[in-house]
Amino acid sequence: MKHLPKHLRPRWRYLAVGLEAWPDADFSRGAFQRAVWYAAGNLLGDAGSADADLRVLQFSFGGGTGEAVVRVRRGEVDPARAALACVSEVDGHSVGLHVRGVSGTIRACEERYLKP
Amino acid sequence: MRLSTVLGGRGRASDTDTAIPKRPGRHPSRMYEAVHAHPDGDSTAARFAATAAHLGYEGVVVRAQEATPDHAAVREASGIDVVDAVEVVASDPERASGAVGGLRPDHTLLCVRGGTDRLNRFAVENDRIDVLTQPMTDGGDVNHVLANRAAENGVRIEFDFGPVLRTTGGKRVQALRNLRKLRELVADADAPYVVSANAESHLELRAPRELLAVGDAVGFDPDTVRVGLREWSVLAERNRHRQSESFIGPGVERGRHDG
Chain H
165 MKHLPKHLRP RWRYLAVGLE AWPDADFSRG AFQRAVWYAA GNLLGDAGSA DADLRVLQFS
225 FGGGTGEAVV RVRRGEVDPA RAALACVSEV DGHSVGLHVR GVSGTIRACE ERYLKP
Chain Z
7 MRLSTVLGGR GRASDTDTAI PKRPGRHPSR MYEAVHAHPD GDSTAARFAA TAAHLGYEGV
67 VVRAQEATPD HAAVREASGI DVVDAVEVVA SDPERASGAV GGLRPDHTLL CVRGGTDRLN
127 RFAVENDRID VLTQPMTDGG DVNHVLANRA AENGVRIEFD FGPVLRTTGG KRVQALRNLR
187 KLRELVADAD APYVVSANAE SHLELRAPRE LLAVGDAVGF DPDTVRVGLR EWSVLAERNR
247 HRQSESFIGP GVERGRHDG
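Residue numbers (the numbering used here), protein chains in the order written: chain H, 165 to 280; chain Z, 7 to 265.
I should point out that these hints are in silico values taken from the structure, not numbers from a laboratory.
Where a beta carbon is used, it is the ideal one built from N, C-alpha and C, also for glycine.
Some clues are possibly wrong.
What the hints assert, rightly or not - Calculated from the model, a selection of chain H residues having no Cβ within reach of chain Z, i.e. all distances over 12 Å: (1) 172; (2) 195; (3) 206; (4) 219; (5) 224; (6) 244; (7) 252.
As the list claims (entries may be wrong) - Taking lysine to aspartate or glutamate and the DMTMM-like style, the derived pairs with C-alpha atoms no more than 25 Å apart in a straight line are: (8) Z:177 <-> H:275; (9) Z:177 <-> Z:251; (10) Z:177 <-> H:242; (11) Z:177 <-> H:188; (12) Z:177 <-> H:231.
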């Protein structure tokens, strides 16, 4: 399909998320994405969840720590933050997470908040 | 609130709070979180303090049942304030009453876990208790009479965000319903309150901004959550001051006098 003209494309914000778990925990990007969707669906409802449109773009995890970039629609950052705070388990492993920062581009998000 | 008269009335008294590492003068803006450290929870007090410092808190309240951390060492290692608190978990007011009398002189903060109507009533009617925690869990209830008594006695009622963050489905709906009821009662009675995520491991801690966002999503004004997190530090500072040697009674202090 022909791509949208610039003024009709959605605007995004990118949240840099730091992850932590017990050292023996291991889970994949897909599992984390599922947990984020469930958390958003449960807290914000279907409508709010669709508005926020949370998607995990980048993900790395190992040895009990990790980081991810989560895309959210501009103007929905606070509901997204709330939904992320409600992610307490991924794949049966308890996780702690916090939003390190918010950027307008993926590149800025990586450069500022992710480990090189 | 009588608290403000106590706090407002003192001038250079903050020099007694030398235990607080950062900016002793800025007490109203500091957000603290209250946690359950090992062996009550899964993580040690040191782990909690390190994570809380990383998340932007300026202090942790270690509300111990069995835990006996070395507060000074943890404070030193983490760089944030660590408050010596105790949480009385008893099945009935008679037992709680004995524990309150015994523990009050030895700890900065004293919390009583609610959860039954009798325990809730006991806690809000006793001005030696600082915080009534989890008043709505396990079928406990609060009404306007208790909220008014809490306001009179200066007993903080806890808004427990734990179930909102960590449960789903019916349990969470129930917790949200209870939180809403409690919020309306507390607002009506103008009762003091605290906010906590009730973390049992350092993974359950959430940053202040996250808690504000969650509060916003479930109907709490962001300022309410902020005040609730700060209230822990206000309480800690008030009690440290009261337990210091220069304090005799509200408005009466021993100090230097000229002549």
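**Violating hint indices (sorted, rising)** = 3, 6, 7, 8, 9, 11, 12
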